[in-house]
Amino acid sequence: MQFVLKAALLAAAVLAFTGCSKLQFPWAYKIYIQQGNYLEEDMIEQLEVGMTPEQVRYIMGTPMVTDTFHPDRWDYYFEYKRGDKVFKEYHFTVHFNEGLLASWEGDYQTRAAKQEEEAKEFNDAAAEVDKESKKEEKTSGTKEKAVSEKNDTAEG
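Heads up: the sequence shown runs through residues -16 to -1, 1 to 140, numbered per mature numbering (1 follows the signal peptide of the UniProt record, and there is no 0).
Please note: incorrect hints may appear among the correct ones.
Subject to a maximum C-alpha distance of 20 Å in a straight line, what follows is the list of computed PhoX-like cross-link-like pairs (lysine-lysine) [claimed, not checked]:
1) Lys65 to Lys14
2) Lys14 to Lys104
3) Lys72 to Lys14
4) Lys104 to Lys115
It is worth saying that the hints were derived from the structure and are not from the lab.
Work out the full structure, taking the sequences as your base and the hints as a guide.
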């Protein structure tokens, strides 16, 4: 009888403790989950101040969140993940004033803004390379001068 009781308690303890653990099986399939509105640059480039909410909805789609307390603000949210890992996450907000599009903000950029940012990064990198090459020229010029002076004194 005691053996059965001990075995039952052991089985209950094992089941209880395994329920608390989180096992991740590498062979288990985890699906990719896309939630929200996937916005493209073309959509954002079509936005113009003064558009009606119907025009914005036609271009951007129905917003993910419309706040009851702030009906003049639409939030577009996009998340792409697999299991616990989030690969992409964007948030874009559209503001209306008196029934017309007033402004927008968010993680998305237009092509022109991206090109401007890339050009700035390129120019900064080019300036850094120029600075390094000038520094090397200065140091190598000083070394050559010292070597030639040393050779002149050795010959003389």
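Quick rundown of the hints versus the structure:
{"no.": "1", "hint": "Lys65 to Lys14", "in the structure": "holds, 10 Å"}
{"no.": "2", "hint": "Lys14 to Lys104", "in the structure": "violated, 40 Å"}
{"no.": "3", "hint": "Lys72 to Lys14", "in the structure": "holds, 16 Å"}
{"no.": "4", "hint": "Lys104 to Lys115", "in the structure": "holds, 16 Å"}
Going down the numbered hints, you'll see the structure goes against just number 2.
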